[in-house]
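2 protein chains.
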Amino acid sequence: MPTLRLALAQVNPTVGDLPGNAAIVREWSRAAADSGAQLVAFPEMMLTGYPVEDLVFRESFVAASQAALHRLAADLAGDGLGDLPVVVGYLDADGPARVSSEASPDRGPRDALALLHGGRVAATYYKHHLPNYGVFDEDRYFVPGDTLTVVRMAGVDVALTVCEDIWQAGGPFAVARQARVGLVVNINGSPYELDKDDVRLPLVQRRAAEAGAAVAYVNMVGGQDELVFDGDSIVVAADGTLLARSPQFAEHLLIHDVELPPAALDAPTGDLGEMRVDRVAVAPLPAAPAGTVEGGIAVRVTNEAEVWHALVLGLRDYVDKNGFRSVVLGLSGGIDSSVVAAIAVDALGPHRVVGVSMPSQHSSGHSRDDAADLAKRTGLDYRVEAIQPMVDAFLANMSLSGLAVENLQARVRGVILMALSNQEGHLVLTTGNKSELAVGYSTLYGDSVGGFNPLKDVPKTLVWKLATWRNAEAERRGSEPPIPDSSITKPPSAELRPGQLDTDSLPDYAELDAILAGYVDGDKGRDELVAEGHDPAVVDRVLRLVDGAEYKRRQAAPGTKISIKAFGRDRRLPITNRWREPSSS
Amino acid sequence: MPTLRLALAQVNPTVGDLPGNAAIVREWSRAAADSGAQLVAFPEMMLTGYPVEDLVFRESFVAASQAALHRLAADLAGDGLGDLPVVVGYLDADGPARVSSEASPDRGPRDALALLHGGRVAATYYKHHLPNYGVFDEDRYFVPGDTLTVVRMAGVDVALTVCEDIWQAGGPFAVARQARVGLVVNINGSPYELDKDDVRLPLVQRRAAEAGAAVAYVNMVGGQDELVFDGDSIVVAADGTLLARSPQFAEHLLIHDVELPPAALDAPTGDLGEMRVDRVAVAPLPAAPAGTVEGGIAVRVTNEAEVWHALVLGLRDYVDKNGFRSVVLGLSGGIDSSVVAAIAVDALGPHRVVGVSMPSQHSSGHSRDDAADLAKRTGLDYRVEAIQPMVDAFLANMSLSGLAVENLQARVRGVILMALSNQEGHLVLTTGNKSELAVGYSTLYGDSVGGFNPLKDVPKTLVWKLATWRNAEAERRGSEPPIPDSSITKPPSAELRPGQLDTDSLPDYAELDAILAGYVDGDKGRDELVAEGHDPAVVDRVLRLVDGAEYKRRQAAPGTKISIKAFGRDRRLPITNRWREPSSS
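Top line first, the protein sequences correspond to chains A and B.
Under the numbering used here, the first sequence has 257 at position 257, and the numbering climbs by one with no breaks.
Under the numbering used here, the second sequence has 144 at position 144, and the numbering climbs by one with no breaks.
Chain A on its own, in the form it takes in the complex (with noise of 0.2 Å):
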């Protein structure tokens, strides 16, 4: 059997960055080449970075990516690597783009990949099956490719395809199958979400039976706004054999030699009937390389160090990739300020990290000492505000009392983080986790105000398992737990009046999480849950809590999607909403 020395480069585009990331392909594409690799294959729309959203009805953007793709087939060719075949995705375009009703063209914009050789462009394939639930809106932009592209190289047939053309059954993958092909690449934008890596292996699997070849899955790595990108790159035999797979949440090239059968001389061509199947030859490839190469099997983690390695990597690139150079938050001493700041020095080091301490006459000692142990502890830039002077100037000027003067105190917070970000530059964090943002547990323009939230689709009993897996993980590495033990023990409170309890207001957070995983992520109504066990008058409660605070959530900072179904594009409710789930039946 012919062997062919594959390269999965797991990398992290920026998207609308087009010479930025035509040079990672470059750079890598030398690695590549440098370990003998004779095909390399970079993620779903590499070259702009994914997703592009409406970027994709600019005529300049779409021209851009086009120019160039051509421009880094010849560069590539110029660096000496002109025989290495090279697969990347990119936006295309063969006609304009469907941004109203009157038409239903065939052609359009379309999520594409070419394979590069010889210093051209000398394959191109459109994705066939285009996700339009969840965070994706691909109908909305591309027109879907009917043509499977079949590659012989070095003796073996590669069929090419993206992304989404692995998660449905029939399509490119059946088509690969009557096409006799040996191989199927596909290059993905494939976004994080807990668990997902476990639904991922299988289902190469099963593509790879369905197509009755080896599949060479490559996606991207990163942060882009509200998804972050796990990698997790994957090669399977044709008998579904796990063969090669990198880990989650860093850049990887996964080289890894692969058997592959000949390329069948009487393999079907033209019109198959679900698709038509296209083929082209590239040669010269690099010769056959000596040795052998596995890519190894990276070890899976557990899903606290996997939600802990998203949130980090997806703030870090927010960040980075907007160009700021520092973050800054209020540290109230509680567990979700605690944990955002440690995440945020684990992303960007304690030098780039400002913690500002906002007590009030009803903060804590406690509070105090704990906001002031996390910084020691980290070692972030700790500032301290007091914030009684404004409270006290804005009551002597209004008529103020109770609900009012709560979230008063929360917004004289905003405003100082507000200021801190606008005399010195920093991007400020807001800390309000997904349980809070679920029952509207948060004070708009208060504590709500940041330009990101690295907990928005954590669930706090979940924050409470990434700080002690945080702190044991310290430990484990023999390093200082950045989280204070107090921090984690004590009962959660908005201490923005004596005494106050979060539980004085809302269940306990077991049971609300098991509430509102069912109701927001599960799409469940009233009585499916009241069945499940939960108590009628907590489901109530808490539904109504969450259907009223759709107007904050509308107006909330984006954070990194973790759970299925994140709040923001992931789930799109109506404000003016006047269903509420019947409370008997």
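No wet-lab data here; the hints were simulated from the structure.
Please note that a few of the clues may not be correct.
Just so you know, same-sequence chains aren't split out, so a pair can sit in one copy or run between any two.
Below 20 Å or equal to it, Euclidean Cα-Cα: the simulated EDC-like pairs (lysine to aspartate or glutamate) are [said to hold, decoys possible]: (1) Lys490 with Asp139; (2) Lys565 with Glu59; (3) Lys552 with Glu424; (4) Lys565 with Glu306.
Position chain B against the provided structure of chain A, taking the given hints into account.
Just chain B, lined up with the frame of chain A:
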């Protein structure tokens, strides 16, 4: 030729209010019957309101819609209206929702229409063309129908269709011609855009020609978050003659007698290639009424009047449907807050509007005078809250300068408005116009605080035109113009530092708005804008401002869409985005 007395019920449903929406159908069906109507049609998704967004994924909500439909059919018969065919939109499902990939079901949620008659659901139809552009995400939600439903009533064949079906050539209207129907009913949830009414009539006429049949187009009216539905229901004859037309932005029962060809006894049924045709007959119908009724043709209004009514209705429905009793806004004496105050007073009456002047040391005398003058003209509840004591408290405790001090003033005003909202229960209105939102000329958590923004999609140059139009309209009616002349004529200023003018940092608004119309609404690139004659340096500067302000827009309050491309769900761009239009070519 048989004559059918048609009733088009241009009504205002509320998302999620199934009992309330059903009550509207019963009330207006009664009114239609009292006018001798033999067929009454209500808008798309009448029972659920539109758009319901991810409520589609809630099985309890789908079941409630289905149950409400059957209850309504029975209730109409109980009301003595069993003979009257009633066409209503609702949410149906014949399979589970597609919330992930790895399944391409041909069953699932449906954007459905039912014809109610004789106490039961006599016929149903599932929307065939699903819009997935602009603000629409219907591929996310619905499975398209592939069967055209034709109902024989009073000797006439009537085809039933939904909204987007009329916006695309081919499909239901083409099949309606094959099926030789006399009338096509099209029920809509079609959001307002400036000039859309000018497109709508020719569109309906084209489809009448395609179907070779009369067309009855009924649209809803009212506000739903960022959308406002303008009504504008239309009846045209098979030859395209406009027979009757409802006004925009008002509930209206359009009743019109339409002469229709008798049903063809040999008309085809079953599989017609592009779609199936299902036929149903309903009888008895209400007796042919005596006399003739013509619905009349509502007069078109100017663009300014159209937009003003859209903004008034959009605000009123947001406030009322969300249960607010009153609104509060800051009054600077400038044009934006003056126009929002006048809109709010028109929408809610002066007793439900609180205006707060919040002068600082940089506020000019005319600012305070103009704010007080506006309050006097409109009769709104006027307050004054000086910001200096609170600003001074921050300045005494923090070391701030420059932009941080400017923004501080805006944020203290934001805290004051939110405190009044918490204390007294008002919805806060924010007043940044589309031009400011585009270039980021606002303070996040400062002047941008608020739950709704009537001017969000109104460019500054149009704000001035609206003010002039509203004052002229007042004079025409013999009432007091609400907006002080000097608010219209003075040069715009944020008044955050001495002598500051908008033109210090922005181009002239006429030039700015022309560039924004091309870049934001038209997706034009830099070179196209320069080729249109704009100063290259100004274009470059404006584009950079727009690109850099995406993070602010992501946290902006909702506001009524009036343009072809509003910020929000209509224009989706990444925050993290290094693409900048090349400044030379």
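Going down the list of hints, with the structure as the test:
1. In this assembly of identical chains, Lys490 and Asp139 lie within 20 Å of each other by CA distance neither inside one copy nor across copies; the values are 48 Å within and 47 Å between.
2. With identical chains, the CA atoms of Lys565 and Glu59 are at most 20 Å apart between copies only, with a shortest distance of 17 Å across copies and 32 Å within one.
3. In the homo-oligomer, the alpha carbons of Lys552 and Glu424 lie at most 20 Å apart only across protomers (19 Å), although the nearest pairing inside one protomer, at 28 Å, exceeds that limit.
4. Proximity of Lys565 to Glu306 under the C-alpha cut-off of 20 Å is restricted to the intra-copy arrangement: shortest distance 17 Å within a copy versus 39 Å between copies.
Comparing the model with each numbered hint stated earlier shows that hint 1 is the single one that does not hold.
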